[in-house]
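Trainee: Keeping their order, the protein sequence lines are chains D and A. Note that the numbering used here has the first sequence beginning at 1, numbered continuously upward. Note that the numbering used here has the second sequence beginning at 1001, numbered continuously upward.
Treat the hints as calculated values from the structure; they're not laboratory data. Zero decoy hints are in this set.
Distance condition first, Cα-Cα at most 25 Å in a straight line; then the derived DSS-like pairs of lysine-lysine:
#1 K1229/A to K1030/A
#2 K14/D to K40/D
#3 K399/D to K25/D
#4 K399/D to K75/D
#5 K21/D to K40/D
#6 K524/D to K380/D
#7 K1037/A to K364/D
#8 K27/D to K42/D
#9 K350/D to K1037/A
#10 K524/D to K1132/A
#11 K1132/A to K164/D
#12 K21/D to K476/D
#13 K476/D to K81/D
#14 K1037/A to K438/D
#15 K399/D to K40/D
#16 K40/D to K20/D
#17 K346/D to K1037/A
#18 K25/D to K14/D
Derived contacts from chain D toward chain A, CB cut-off under 10 Å, selection only:
#19 S192
#20 G203
#21 N293
#22 H297
#23 N365
#24 R371
#25 D530
Virtual Cβ for every residue (Gly too), placed ideally from N, Cα, C.
This is what each chain is made of:
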Amino acid sequence: MDYVRKIVEEFESKYIENYKKNWLKAKLSSKGDLLSIAKKLKEEGLRSLSTVSPTDFLEENVMEVNYFFEDLDTKRNLWLKVDLPREVEECSIESLTPLFASAEWHEREAYSMFGVNFLNHPDLRDIIKSQDYAGVYPFRKDFDWDAHEENTVQNIQSIVDAFKEEQNENELDLDSDSSETILNWGPTHPASGPIRLRVHCDGEEIISIDPDIGYVWRALEHLVTKKDFVGAIVAVERLCFMDNVNSMTGYAMAVEEIAGVEITPFASWMRVVLGETARISSHFMGLGGFFNNMGLHTLAMWNMDTREFFLDFLESYSGARIATASVEPGGVRYGLDMVMFEELQKALDKFDESIGEVEAIFVKNPTMKLRANNVGVLSKDEIHTFGLSGIVARGSGVKTDIRIDEPYAAYGELNLEYITQEGGSSKDRFEMLFRELKQSVSIIKQAKAHIEEAVASGEMNPTKDHMVKMPKKLPKGEAISRVEWARGEVLMHLVTEEKAKSPYRLKMRAPSFNHTMMLNHLLKGQSLSDIPLIFGSLYICQGDLDR
Amino acid sequence: MIETIIQAVVFPGLLYTLLWTVGLFWFFRKFMAALHKRVGPHFNGVAGSYQTLFDLSKLLTKESITPVGVNPYLFSIMPLLAVVVAMLPSAFIPWTDSGAVVGSEYGLLALVILIGVEPFLLFLTGFGSNNKYSFLGGIRILTQSISMETSFFLAALSPALLFGTLNLSTIVDSSSWFSFLVLFPGFILYFIALLGLLEQPPFNIPDAEQEIVYGFYTEYSGTNYFLLKLAEFAEFMAVFAGAVTLFLGAYKGVFVDSYFFFFTKMLFIAIVMMTIRAATPRITLAQMLNFSWRYMVPITLLNLAWVLLAKALFFVGA
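When you get a sec, could you build the whole thing from the sequences and use the hints?
Mentor: In structure tokens:
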């Protein structure tokens, strides 16, 4: 602990403590030190800033800003806190964007939601929230949502006005004799999903891209604070419905940590089985989506065919195919009837039977390779700088996988290896998806065999072991938990108050946010044809992009 | 007079084209569904065969929206013109052994010119839509047609050079198993160029929905959209029929000559095209240009040289 601690000790801090296996937690006494400590951290290898998350303490009259620095190589991470005054006029701090490119959008988000002013930020505009929230900060504890909702018509009018104004500006700014134009790629575009990319292009060549996000902003991070600890899982799982289980696992782990509760081995193994099933369901969609974006729908259809069998298992377990609400603090929601594993076995058999032809026709497809190789290439350095994770990071050869780095649930007992690919191009990311799909199936097989064995020997009782009792009220505390979600690393930062019945603050750091930030970087100078391909290969989900 | 009217309205005119469109549309859906591991149209009629009919009649009766700010005449006349031009080639095709409706010494020339005009009309639909995506689609279709038509024409020329005539009936009469083998490279090249001309994968660049929102189709709806679709399928028919006439011996069959064989051969080409469609992603405009000018055009020229050589070796003395 070592070099990170040494750096932090050079500065005046309120406390420094070890946290979990990989983390060091510290609170700076003065916000003035932030820039110099960040500079040193970067020199020492903590090159990724995972997220910036303010917490608004109304009673203490303090805005506490959390910085999560990560080193993807050595896995030494730092959780740094600093207090700011709460008043909007004084709530400001030096921006870290000049040092950590990954901070750009996270700081913009903190600015939009909490009104933290980041000095020297290159582009401090509102993000995610719609124009009717201009000048107000919805995640501050004293924001009155009900009063805001009363003026629905005015709110919509302000969104429309802002859009028209922007359109007029576009027409004025561009020379009418030139071939330059601004395309709205989305939000109702065949391949975009609910996101809008302002594509400034010259004919087919892209000059710059400015993503406009927030079309599916449900303020999930605010929503959880209105629910109790169990009810919050329905908000958490809606991070992205493709892989809903792993985000719930992350949230449940954070709650359990604060409550000081250990879950049973059976529950942790079930979390693996359910989580990997959800990951498979997500990866199948991702693989299909990648080819959809090149105008070929066959793979998506084939994948649907196999995916249904995995959803059958989720349905037999939880009653729902997509939004399963199957993991909650204290374990997993339901006991397991061993008959349900027969559904899973059917899915695994179907997978083994059909995956060969997918590989032969699509993974080895020469036209796909011609098209996607050398497009959207990300180097290892860029992965570190922009804090990318999941298949995008591993596709560029960076060995990062929370399941191995910081084992949770029963992943520590599994036979699991990093899967990486060297090229970093769109094609590599596609192949990563396919290889991880196979890996997930092998994990499910291992976990299923383990549970069956333990149940047969009487070690586990599948109908009774699924839950441990959770306290009704949680003590004051905070925790972070990280899970390897289908699309990358999800970091949950949970804060509770004294005798808490519901979360005080939950920050969900979602991978698509960082990945979308890369679009301008990757697409500048490319042609219009590359937008859907690169967009698809980054494996972005608008659900966790906007939250 | 009556014969001419029947030819124009029934066979091989309007009704025939409509029947072909409805039938092929249904067949494409059903065949694609099988490749996709789906069921496809199912409930209406035998194996969902009425589905396309219903869809087309729905399109015909739906409101056809003309966007504000476009020239309404240009916008609405282009689909109509596109259908007419796409249907004209069938007058020059010798569908049965009684010959073509218009028996011309220059049948092949008429065929390639009418096929070649079509993309320009589609460009004008994109140009007239006053939409950025449509305009980009229009530019793409022009770029693609210029580069793919070069090799298409050169490939279509090979039977004419071999038999020394532009008369399609004469070409069919002179064709044999042996000439089929000689022209086989030409047929493959014609088929590849056909994919580019008909905007089929991997060359479905002008109406790439994920990139430019169906290109020139973006603003079209209702009747106008129906007409554009009809033009597309009539164009399929013209190009397939061209391939069958030039390379596969048209109506010539195993024991008897009949239209049935003509149709079967066209269907065969459609099936191959569909299978490629189900397994090949789209390439980019730059890659298409590269492929066309660096490989296709030189190889089609080489093919012409081969046809002339074969003619000198095997055909002149006989």
